[in-house]
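> Here are the chains, one letter per residue:
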Amino acid sequence: MARAVSPRRKLLTTLAAWFVACLIFFPVFWMILTSFKTEASAVASPPELLGADWTLENYVEVWSRSDYPRFFWNSVVISVGSTLLGLAIAIPSAWAMAFVPGKRTKDLLMWMLSTKMMPAVAVMIPIYLLFQQLGLFDTKIGLILALMLMNLPIIIWMLYTYFKEIPGEILEAARMDGASLWNEILYVLTPMAIPGIASTMLLNVILAWNEAFWTITLTTTKAAPLSAFIASFSAPQGLFYAKLSAASAMAIMPILILGWFSQKQLVRGLTFGAVK
Amino acid sequence: MGKIQLRQVRKSFGDVHVIPGLDLDIEDGEFVVFVGPSGCGKSTLLRLIAGLEDTTSGVIDIDGKDATNLPPAKRGLAMVFQSYALYPHMTVRKNIAFPLKMAGMDQAEQDKRVERAAKVLNLANYLDRRPGQLSGGQRQRVAIGRAIVREPAAFLFDEPLSNLDAALRVGMRQEISELHQSLKTTMIYVTHDQVEAMTMADKIVVLNAGNIEQVGSPLTLYHNPKNVFVAGFIGSPRMNLIEGPEAAKHNAHTIGIRPEHITVGDGPWEGVVGLSEHLGSDSFIKVDVAGLGIINVRGAGELNVHHGDRIKLAPAGKIHRFDANGLALA
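Residue numbers (the working numbering), protein chains in the order written: chain A, 643 to 918; chain B, 270 to 599.
No lab work stands behind these hints, which were simulated from the structure alone.
On a predicted model such as this, the values are computed, not experimentally measured, just so you know.
Just so it is clear, CB atoms sit at the ideal spot from N, CA and C, and this is done for glycine as well.
Accuracy of the hints is not assured; some may be wrong.
[To be verified] A short list of chain A residues far from chain B (calculated; beta carbon distances all over 10 angstroms):
| hint | residue |
| --- | --- |
| 1 | Glu690 |
| 2 | Ser706 |
| 3 | Arg817 |
[Said to hold, decoys possible] Stretch-level coverage of chain B by chain A, calculated; a stretch enters the list once three of its residues show a Cβ under 8 angstroms from a Cβ in chain A:
| hint | region |
| --- | --- |
| 4 | 331-342 |
| 5 | 437-450 |
| 6 | 500-510 |
[Unchecked claim] Among chain B residues calculated to face chain A with C-beta under 7 angstroms, some are:
| hint | residue |
| --- | --- |
| 7 | Thr324 |
| 8 | Phe367 |
| 9 | Leu596 |
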């Protein structure tokens, strides 16, 4: 039976939800606002809102001072590439864990997740050296590999959860129907898990796009994505908040738009299995 | 061809011996039903034949060839699952054609076979629908369609009707029997419903704790059960099994009397009616008889006996005798 909710309670929870949403969105909103202010207005104290000097100058300067399209393209290649490579490895792995689990499968899953708890800085030096030795430093393929490995536990965990929802009998039916292992994964499992795979893909593109630590550490110029583009605006001469905000806004805008249009899919994907 | 032989087939899951060692011959074209209580190993046995489970030891021969280590697809068998196991993202047409596509058959031949199966199973109007848009009975037909297009050596059915309602179950039961009549292909059917077993089978295999208790035609099992387990399992309502002095009178440890072999009216046993069910054609009553326990009686539809009545009963028909080990006495 549905629980009755009084209009007063509904109003209060709605207001609370709006308050939290505004609180979360405020830094992004303020950053976008700052990107349209002059440098003087941006650092004014108390902060200026209505009386600020508005300008598009920051965007013009950021665009002319740096090669935005190249950074953007690097971001696209690295985030999409690492996600696709991750999926190619994770789909068979998650299949094995979900449908032919061994005695230690649960432990393996926990161990994979535990690697996400390790501070990245702890392995920075070995990975940096390794990348230099292998000639992967400042290459897109190097970053694709690094980000793929970083996000692989999340991809496998998400897919494992989706695959567990698919009845094993359907895969057995495919086996009886003569499907080889790859045909079973290709024609039966993957199409049935498309919503889950799509959510996993979206989330990982976003994670890879937003990753800053490794992308800044492992690149200099050639393979640098938008996170490095933002960092390049924190000049040694001092912080130029308005320009930094404009650069940040340009860096996050593509992924913000992607997230906005796919939010239904993302929310469904992230709560899949939790609410049934 | 669809001759299947099992030789000393064993299956263990860790320390649990689900099937401790079993021999069975299934002749070409036979309709064999595996029946037994929950957990008796009947589904496991079917999955061993299908190749979905590996045998711990023993040999499974299909048409004279050792198939023990062959993968499911290479055994030439088709299976219909309890949950139908249809591919939800494919249309009925694609579901039925899937095994043909996997076999690399050309499109024209695929279409021809799908159309033919759809006609036999009354699915011609639903070929472009997805399984989610079909009723339970239609889904089951699609599952059968997917099995028949391959023209397998044998069909395996794993409790295929247990998700259907009672009326549909009777209809589908007849359809499967008719399909067997027309295809004349070996069918192995697993069920816990002994009415399905009795009505469909050429040969029933009664399983208990992974062992075969008896193999035979439905009427052989009904009239000549080899032991107390089969006597109690086959037949509805259940056979009355009586021990003690009453059995001793017949030089047996246990005697068994079918409910229809007891008459109401006059007789040596007197008791109080507990439950009485009047179905119109038959009446099923349970009578608490002092010294014997609850006795099941099957009487005529118009039997005028109700809860609380004191009545007399008499055995009037075959009395089955069993020794202390539960085995039938001659």
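> A separate judgement is required for each hint: does it hold in the structure or not?
Comparing the hints with the structure gives:
1. Glu690: 56 angstroms, holds
2. Ser706: 50 angstroms, holds
3. Arg817: 5 angstroms, violated
4. 331-342: holds (count 3)
5. 437-450: Result for this restraint: violated, n = 0.
6. 500-510: violated (count 0)
7. Thr324: At 17 angstroms from the nearest chain A Cβ, B:Thr324 fails the 7 angstroms test, so the hint is violated.
8. Phe367: 5 angstroms, holds
9. Leu596: 38 angstroms, violated
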